[in-house]
Amino acid sequence: MAETTATPEVTVKEKEPLFGKAEKKLLLDPLGDTNPITIQVLGICSALAVTSLVYPSVVMAIAVVFVCGFSSLFTSLVRNKIPKQVRMIVQLVIIATLVTIVELTLKRFNYPIYKQLSVYIGLIITNCIVMGRLEAYAMANRPWRAFVDGLGNGVGYGVILIIVAVIREIFGKGTLFAGSPIQINIIGASNNEVGYLINTAAESGFGSLFAGYTNNNLMVLPAAAMFIIGVLIWIQRSYRPTLVDVS
Amino acid sequence: MELFNIFIKAAFIENLVLAYFLGMCSYLAVSKTVTTAFGLGLAVIFVLGITMPINWLISELLLSENGIFGMDLTFLRFILFIAVIASMVQLVEMIVEKVSPALYTSLGIFLPLITVNCAILGGSLFMVAREYSFTESIAFGLGGGFGWFLAIIAIAAIREKIRYSNVPPALRGLGMAFILTGLMGIAFMSLMGIDPAALTAGK
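Heads up: the sequence lines are chains V and U, in that order. Just so you know, the working numbering puts 59 at position 59 of the first sequence, and the rest follows in order with no gaps. To convert, take the position in the second sequence, counting from 1, and add 1000; that gives the working numbering.
Hints are not guaranteed to be accurate.
[Said to hold, decoys possible] Residues from chain U that face chain V, not an exhaustive set, calculated with beta carbons under 7 Å:
(1) PHE1021
(2) CYS1025
(3) LEU1042
(4) ILE1045
(5) TYR1132
(6) GLY1185
Read the hints as simulated data drawn from the structure, not as lab findings. Quick caveat: nothing in here was measured; it's all calculated off a predicted structure. Beta carbons are placed, not taken as given, at the ideal position from N, Cα and C, and that holds for glycine.
Please model the complete structure; the sequences and the hints are all you need to start from.
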């Protein structure tokens, strides 16, 4: 099921542009056709539990993009020096070092988010996308391409994470970016302390159409993330019937 | 009895797969038939049960301020934990191959997969975060492994049956597996109200 996309190495003799067609494809494909979550089914483990709010999800997505990109770059740089038998350990050490950097940085600059993400930061190490891209791409390709491929896959992962988080937070809490400096209150009953864009307590106007609205508690449960991803997969495969697997 | 409570809590109430989504990749990839799911589940129980106490010893004796080196080395935690897990998996693989070739052939392919199973590393990190003692960490490891085992057997059995159902084509396979996992998660939430301490106190 976890089909990895083995992009064949293009052998071009003349000097290539730094950011040509191949790089663009590497960067954009993971957003749709080879998306790490919905198509390759990698990396679901570490992060679904953080998607109940958008802000920690964005932080998580940035962390994964960073780790994915740079671990691909470093692995690709040393790829010819790694003995085949111990390559897993070498890859894990590279990833673990980068994740430690992320963890310490967060601990220093944003302690509340560090507390909130707790063990899930450490779990980026065993995030299958990072390891999967190292095995499938970085071990066989030049550093720059590997770096772009890692970034692309990290972004493809982050996009799904943020889509899920946006849906869960709007319907589950009625807010966006809660806990961050740019919190937006979308829907709910306004009172003296908080005002919402759609005020369900309003006597008249647009907000009054939503009188009696309550937040959907299902969306706060971890299970909601599974439903949303299931539906995202459904939508994507309805548009691309070739992606359907029969098992 | 305290240990039994931790076991029950880790296996049912705070199931690693259904409450924390750990070990999702192999959970989804290896749950197509019950037999393979059974093998992987057993291997996970085994590895969790072994790595958890070892990682406890490492974090208490080597990394903590009261440890051998007398300084706070917690920043090395990730690297050491993952190294322990990788080498333990390797060791288990070699031992199983030597002792029971039959079990090795049935488990063989799944053992290396376990290194990158988030449930193993996640278990160790939870253990540190919750400050378990040595024996508690063993109970937590075995309980967590058992919970993972139950979850993968359940989803594999459901997926074997659902092949005969009329699922919309685009939802077949993966999409359905996600939704099923969500439903199972909700079902397991009904166990949340159970207080293991109250159960054992009555006896």
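Open item on the list: Of all the hints numbered above, which does this structure not satisfy? Sort the numbers upward.
Closed with: 3, 4 and 5
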